[in-house]
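Student: What follows is each chain in one-letter form.
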Amino acid sequence: GIQVEQSPPDLILQEGANSTLRCNFSDSVNNLQWFHQNPWGQLINLFYIPSGTKQNGRLSATTVATERYSLLYISSSQTTDSGVYFCAVHNNAGNMLTFGGGTRLMVKP
Amino acid sequence: DAGITQSPRYKITETGRQVTLMCHQTWSHSYMFWYRQDLGHGLRLIYYSAAADITDKGEVPDGYVVSRSKTENFPLTLESATRSQTSVYFCASSWTADTEAFFGQGTRLTVV
Chain B
1 GIQVEQSPPD LILQEGANST LRCNFSDSVN NLQWFHQNPW GQLINLFYIP SGTKQNGRLS
61 ATTVATERYS LLYISSSQTT DSGVYFCAVH NNAGNMLTFG GGTRLMVKP
Chain A
1 DAGITQSPRY KITETGRQVT LMCHQTWSHS YMFWYRQDLG HGLRLIYYSA AADITDKGEV
61 PDGYVVSRSK TENFPLTLES ATRSQTSVYF CASSWTADTE AFFGQGTRLT VV
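Residue numbers (this note's numbering), protein chains in the order written: chain B, 1 to 109; chain A, 1 to 112.
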């Protein structure tokens, strides 16, 4: 099946810093989503982005499908950005989202 | 309220008991999914359903049973719970297999 790798696995930032999270996948995809799992365990949809670039406030994402990677940018980080960020992909091989291992982000005040 | 809801939020059960986790969505999405989240394994698909009365196995189906008699509900049953099934369970739904999926708030299940 498709492999999804996220980097870095852990990230500690000072409030106000910027960061880039990366998601690499091993095959072509027709769906890619970014999620934020907050400290209460909820999975919150950030972006549905099989290709191209999208922005939502301080967050933006870019997927380059031909090169099999996606990037999530967080600017001016806040303590509420803390949690785990997951990338998940879907391809024609199956009817499910395959998740990466996540990036655990801690933003310090 | 619109959306996808799971119940219960927390459950403790004993080894060998049957337990059912509920999932309800109000969007009339065709697809529904059950995932489990474990440390070291991330989120893994247990079962999914493409429509009412159509279900199929995911990556880790052993020990679980699903049914979908109505579009909006997708219960997950552990017929005889084992300690290895202690996990956080997430239900999700989407219009098709590859459109945006939305997740419920999760059920934390502990088997003692």
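The set of hints was computed from the structure by calculation and includes no laboratory data. Computed from a predicted structure; not experimentally measured. Treat the hints with care, as some may be off.
Said to hold, decoys possible - Computed Cβ-Cβ distance ranges for the label pairs, DEER-style: (1) A:Pro-61 - B:Gly-41: 22 to 30 Å; (2) A:Val-65 - B:Gln-55: 27 to 35 Å; (3) B:Gln-42 - A:Asp-62: 32 to 40 Å.
What the hints assert, rightly or not - Facing chain A, from chain B, some residues (calculated, C-beta under 10 Å): (4) Gly-1; (5) Val-4; (6) Pro-8; (7) Trp-40; (8) Gly-41; (9) Gln-42; (10) Tyr-73; (11) Ser-75; (12) Gln-78; (13) Asn-91; (14) Leu-97; (15) Thr-98; (16) Phe-99; (17) Gly-101; (18) Leu-105; (19) Pro-109.
Unchecked claim - Residues of chain B placed beyond 10 Å of chain A at every Cβ, according to the derived structure: (20) Leu-11; (21) Leu-13; (22) Ala-17; (23) Asn-18; (24) Ser-19; (25) Thr-20; (26) Leu-43; (27) Asn-45; (28) Lys-54; (29) Asn-56; (30) Ser-60; (31) Ser-76; (32) Ala-88; (33) His-90; (34) Met-96.
We put the CB at the ideal spot given by N, CA and C, even for glycine.
Student: Each hint: holds or not?
Tutor: Verification of the supplied hints:
1. A:Pro-61 - B:Gly-41: 22 to 30 Å: Since Pro-61 (chain A) and Gly-41 (chain B) have Cβ atoms about 23 Å apart, the given range 22 to 30 Å holds.
2. A:Val-65 - B:Gln-55: 27 to 35 Å: violated (43 Å)
3. B:Gln-42 - A:Asp-62: 32 to 40 Å: Check failed, 28 Å falls outside 32 to 40 Å.
4. Gly-1: Because about 8 Å separates Gly-1 (chain B) from the closest Cβ in chain A, which is inside the 10 Å limit, the hint holds.
5. Val-4: holds (9 Å)
6. Pro-8: Violated: closest Cβ of chain A sits about 16 Å from Pro-8 (chain B), beyond 10 Å.
7. Trp-40: Interface hint status for Trp-40 (chain B): holds (8 Å vs cutoff 10 Å).
8. Gly-41: holds (5 Å)
9. Gln-42: holds (5 Å)
10. Tyr-73: Where the cut-off is 10 Å and the nearest Cβ of chain A is about 20 Å from Tyr-73 (chain B), the hint is violated.
11. Ser-75: With Cβ-Cβ at 23 Å, over 10 Å, it is violated.
12. Gln-78: Nearest chain A Cβ about 22 Å off; hint violated.
13. Asn-91: Holds: closest Cβ of chain A sits about 8 Å from Asn-91 (chain B), inside 10 Å.
14. Leu-97: holds (6 Å)
15. Thr-98: Result: holds, 8 Å to nearest chain A Cβ.
16. Phe-99: holds (4 Å)
17. Gly-101: holds (5 Å)
18. Leu-105: violated (16 Å)
19. Pro-109: This interface hint is violated because 27 Å lies over the 10 Å limit.
20. Leu-11: holds (17 Å)
21. Leu-13: holds (23 Å)
22. Ala-17: Per Cβ check, Ala-17 (chain B) is outside 10 Å of chain A; nearest 26 Å; holds.
23. Asn-18: Asn-18 (chain B) is indeed farther than 10 Å from all Cβ atoms of chain A, at 26 Å.
24. Ser-19: The assertion about Ser-19 (chain B) holds, with a minimum of 21 Å to chain A.
25. Thr-20: About 21 Å separates Thr-20 (chain B) from the closest Cβ of chain A, which puts it past 10 Å; holds.
26. Leu-43: At roughly 4 Å from the nearest Cβ of chain A, Leu-43 (chain B) sits no farther out than 10 Å, so the non-interface label is violated.
27. Asn-45: violated (6 Å)
28. Lys-54: About 12 Å separates Lys-54 (chain B) from the closest Cβ of chain A, which puts it past 10 Å; holds.
29. Asn-56: With a cut-off of 10 Å, Asn-56 (chain B) remains clear of chain A, as the shortest Cβ separation is near 14 Å.
30. Ser-60: The assertion about Ser-60 (chain B) holds, with a minimum of 17 Å to chain A.
31. Ser-76: Given that every Cβ of chain A is farther than 10 Å from that of Ser-76 (chain B), nearest at about 26 Å, it holds.
32. Ala-88: At roughly 8 Å from the nearest Cβ of chain A, Ala-88 (chain B) sits no farther out than 10 Å, so the non-interface label is violated.
33. His-90: His-90 (chain B) is in fact no farther than 10 Å from some Cβ atom of chain A, at 5 Å.
34. Met-96: violated (4 Å)
Violated hints, in rising order: 2, 3, 6, 10, 11, 12, 18, 19, 26, 27, 32, 33, 34; the structure is consistent with all others.
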